[in-house]
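Participant: Throw the hints in and build the complete structure from the sequences for me.
Number of protein chains: 2
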Amino acid sequence: MSDVAAGRRVRGGGGAARRAERSAVSLDTARFIERNIPNLEILNEEALQIIEWNAETVLEEVGVNFVENPAALELWRGAGAQVEGERVRIPRGLARQLCATAPSRIVQHARNPARNVEIGGRSLVLAPVYGPPFVRDATGGRRYATMEDFRNFVKLGYMSKWLHHSGGTVCEPTDIPVNKRHLDMLLAHMTLSDKPFMGSVTEPSRAQDSVEMCEILFGREFVQQNTVMTSLININSPLTFDSVMMGALEVYARNNQACVISPFIVGGAMAPVSVAGTLTQVLAEVLAGVAYSQLVRKGAPVIFGAFVTSIDMNSGAPTFGTPEASHITYGAGQLARRLGLPYRSGGAFCGSKLPDAQAAYESANSLNMALLSGVNFMLHACGWLEGGLVSSYEKFVMDADQLGVLHHLAKGVDVSENGQAMGAIREVGPGGHYLGCAHTQANFKDAFWRTDLLDYKPFETWEEEGARDTVALASARVDRLLRDYQQPQIDPGVQEGLQDYVARRKESMPDAFV
Amino acid sequence: MSDVAAGRRVRGGGGAARRAERSAVSLDTARFIERNIPNLEILNEEALQIIEWNAETVLEEVGVNFVENPAALELWRGAGAQVEGERVRIPRGLARQLCATAPSRIVQHARNPARNVEIGGRSLVLAPVYGPPFVRDATGGRRYATMEDFRNFVKLGYMSKWLHHSGGTVCEPTDIPVNKRHLDMLLAHMTLSDKPFMGSVTEPSRAQDSVEMCEILFGREFVQQNTVMTSLININSPLTFDSVMMGALEVYARNNQACVISPFIVGGAMAPVSVAGTLTQVLAEVLAGVAYSQLVRKGAPVIFGAFVTSIDMNSGAPTFGTPEASHITYGAGQLARRLGLPYRSGGAFCGSKLPDAQAAYESANSLNMALLSGVNFMLHACGWLEGGLVSSYEKFVMDADQLGVLHHLAKGVDVSENGQAMGAIREVGPGGHYLGCAHTQANFKDAFWRTDLLDYKPFETWEEEGARDTVALASARVDRLLRDYQQPQIDPGVQEGLQDYVARRKESMPDAFV
Chain U
4 MSDVAAGRRV RGGGGAARRA ERSAVSLDTA RFIERNIPNL EILNEEALQI IEWNAETVLE
64 EVGVNFVENP AALELWRGAG AQVEGERVRI PRGLARQLCA TAPSRIVQHA RNPARNVEIG
124 GRSLVLAPVY GPPFVRDATG GRRYATMEDF RNFVKLGYMS KWLHHSGGTV CEPTDIPVNK
184 RHLDMLLAHM TLSDKPFMGS VTEPSRAQDS VEMCEILFGR EFVQQNTVMT SLININSPLT
244 FDSVMMGALE VYARNNQACV ISPFIVGGAM APVSVAGTLT QVLAEVLAGV AYSQLVRKGA
304 PVIFGAFVTS IDMNSGAPTF GTPEASHITY GAGQLARRLG LPYRSGGAFC GSKLPDAQAA
364 YESANSLNMA LLSGVNFMLH ACGWLEGGLV SSYEKFVMDA DQLGVLHHLA KGVDVSENGQ
424 AMGAIREVGP GGHYLGCAHT QANFKDAFWR TDLLDYKPFE TWEEEGARDT VALASARVDR
484 LLRDYQQPQI DPGVQEGLQD YVARRKESMP DAFV
Chain H
4 MSDVAAGRRV RGGGGAARRA ERSAVSLDTA RFIERNIPNL EILNEEALQI IEWNAETVLE
64 EVGVNFVENP AALELWRGAG AQVEGERVRI PRGLARQLCA TAPSRIVQHA RNPARNVEIG
124 GRSLVLAPVY GPPFVRDATG GRRYATMEDF RNFVKLGYMS KWLHHSGGTV CEPTDIPVNK
184 RHLDMLLAHM TLSDKPFMGS VTEPSRAQDS VEMCEILFGR EFVQQNTVMT SLININSPLT
244 FDSVMMGALE VYARNNQACV ISPFIVGGAM APVSVAGTLT QVLAEVLAGV AYSQLVRKGA
304 PVIFGAFVTS IDMNSGAPTF GTPEASHITY GAGQLARRLG LPYRSGGAFC GSKLPDAQAA
364 YESANSLNMA LLSGVNFMLH ACGWLEGGLV SSYEKFVMDA DQLGVLHHLA KGVDVSENGQ
424 AMGAIREVGP GGHYLGCAHT QANFKDAFWR TDLLDYKPFE TWEEEGARDT VALASARVDR
484 LLRDYQQPQI DPGVQEGLQD YVARRKESMP DAFV
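Note that the protein sequences, when read in sequence, are chains U and H. Residue 4 is where the first sequence starts when you use this note's numbering, and the numbers rise one by one after that. Residue 4 is where the second sequence starts when you use this note's numbering, and the numbers rise one by one after that.
Hints should not be assumed to be uniformly reliable.
A pair holds if it fits inside one copy or across any two, identical chains being indistinguishable in the list.
Claimed, not checked - The list that follows gives simulated cross-link-like pairs (lysine to any residue, SDA-like), each with its CA atoms no further than 20 angstroms apart:
1. 460 to 429
2. 414 to 42
3. 448 to 319
4. 509 to 147
5. 448 to 317
6. 460 to 471
7. 460 to 136
8. 509 to 180
9. 448 to 411
10. 509 to 215
11. 509 to 205
12. 414 to 48
13. 414 to 51
Derived by calculation from the structure, the hints in this document are not laboratory data.
Facilitator: Here it is as structure tokens:
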């Protein structure tokens, strides 16, 4: 007997009723993950102390640049930093001390309170891909993204059981003027989904629009007292904070809205070609960015971000799902926990042009690492293709299905009396079969994670049905989800108020396409 | 700026020379992995003690069956077990006590000493797929495996940089009579590769043939004093030890050859539909099997095996890359380490019919879990398709490439002065670029894992070259490897001796096809 017998099918446990149930589209959304398994701690205490010491050395001796931002320089000077030109040198210990007022856990409210998420501690909140100018699907190939694509991705995110968050720029709606598309994007998140979402960061005025639209949706007082957006502020690595991103951060911090403060690093290009060196720079940048957020408003909610990929030294291309990116992600998680900050990293990253095996290897490597590195907020958790240039319809539902694996992994092992199953082992005995026993009957429905997408059919059935690969199955699922989509209920007055705001703001500006 | 900029290519660091170097086939084989990262311990002390207590309860109260094996029953009776019919009930503590004489680390010798492997401690040894009656390739589709396929897979394994072990039944050569194919398979491993391999277990006489052929290859005395085979002994779960497998185990144990003693479990069918219950049964079975090996010969080298998959309760199909299989694999690793035994589990498992995204998600989930669960010997590390029914040519080289990721992950983080890279951070400063700096130039060649297969090309180049997916790239790599294959040197007298042995043994038996 060899392991090939694993290919044998075991009869029983099935039934047409359950198959029908499974093929129906469900609108359940799982609660955000609360891990019941440990994180993987790859750095020992000595390594952590070296990196923390070095990061402070970088802040003190090399410093960071705050570009075209005199007000920021003034705040830093007031806090005790040395400012020369745009260079800010931060005395050892000061940035860490300023970071202490940032909360360790953030509740982000959704318009449907059942969809509220908590970011921090042992939580993991999953949000879709962010930023691609292109989309790809199995029938239309690769093309520039439009507002219709954007709405479709918001709908797919709303219908995904395992996605807790509607995200932000799920793709760039390139058919809408650059200076107006944030309005349509926010309107889509607010009305087509009831999950939490992100605000615009491409200009301070667009961040302000995001806040004002939230005031229409949630009420002005609620927004001032609660976090209703988590927005993505990238640091221009190495060690540079530009005025556009900082301007958006300032708007959000002043309005008590959360920001992910995230070095944007292709290792070997924007950071040293070594893991410890990259972690040092990441920590220095986050310390400076988070400290600055607390100078703008003490207690402003922020997240320790790390977007890290390594570079292929042959082609110059960024690479994904690689061991070095994993080392950095694991290590940055440890550094974030020692700072007491929520942690953003990970994603279904890949460099592949197609949602093929390469895409899936790389994405699965990244997703597993993100779970085990203690990530609290995972952007790009589904739909990312081609190094982030493309939002893929099929990969969106493929990755989203795999997010169910993370939910079940995070549960850990049940060692209750029922979990121990000693009665079943006694009942079945040597040479017996567990399918019919009482314990199996009582537990099988919830015992194992079940895919909504992948193929487990007998070879002959699979062949008769067209020998479909994962992309073909995903394409059919995308069609079914979009066909079955129904808008979640929203107060008509609120919807009208949002639409009016968008129309008014659009009228107030000429179109801009760059 | 959004993360989409990851899609931008960075110039530099490349060059035609390095591209040429990369496309050449290399015959380096990496040394087996010695982990420098921690294992993930998902069970706490209380959970471990519950499972260990319950496993002893199972052995004592339920017992195990040794089928058609009076000599085994006699050994058990002599050791103090209660034997009734074929049922063996083992008093609490006895099996664990007997296991104590099994070594915690095994050196398996290869005919090329540079390929010797150590199994145990923090090591990880990678071996290819085992057992499939079918093969699949991109051009020929799915068909019954032949001896030519077998030889091809041995060649691919020999040429893989990241595979340390030639494996055993890399596919079933169905064109050779059942009672003779082990001779051809062993001859292929012994002559076409110089990596370590596995012996036959399908009959005790075939195990004896394996030992005798090794005596020709290594010398009789060497074989008696050293381990030169690691063979796969499956337990017929639940709790049943059949006479064929035990007969093979007895031959190997008496000849000081290693066996993997491995429960073969589809969770929900051959074990309870719960993780803790399955772990209890796995531990009980391994305790009984390893204890028996030590009754046959004290000190016989054995490995704690766990082949575990869960069942899809809709279709009855075994499933792979699932969270429950991961929980069991992590937990079984902890149990093996507490027993002080080397641990076999994991593999590039998948249920998919094609080497598509499903196959890659499932395989990557399994490979990551195997590394982090402390596996010492990983069978099925590449080439497994369709629940183990198919050996896939393309998936063999796809998975084998991903095994490089595991090697680099296992290295952990270098925090030496060079790793810290403070000179580079000081040199580059805010807004600079690392590609040209001295530290990057000195380190880039070995800093990052590099694929031999996956696509990182610019979109336009990739499109011009035919927009190939991973399977197409893998198919080309398979062709190139088989074309470039050269047999490793072997003493002509030894090769002739082996060929004579095979011819003589084949003549001595009529063909049997079942």
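Participant: Among all the numbered hints in the text so far, which are the ones the structure does not match?
Facilitator: The structure conflicts with hints 1 and 4, although it agrees with all the remaining ones.
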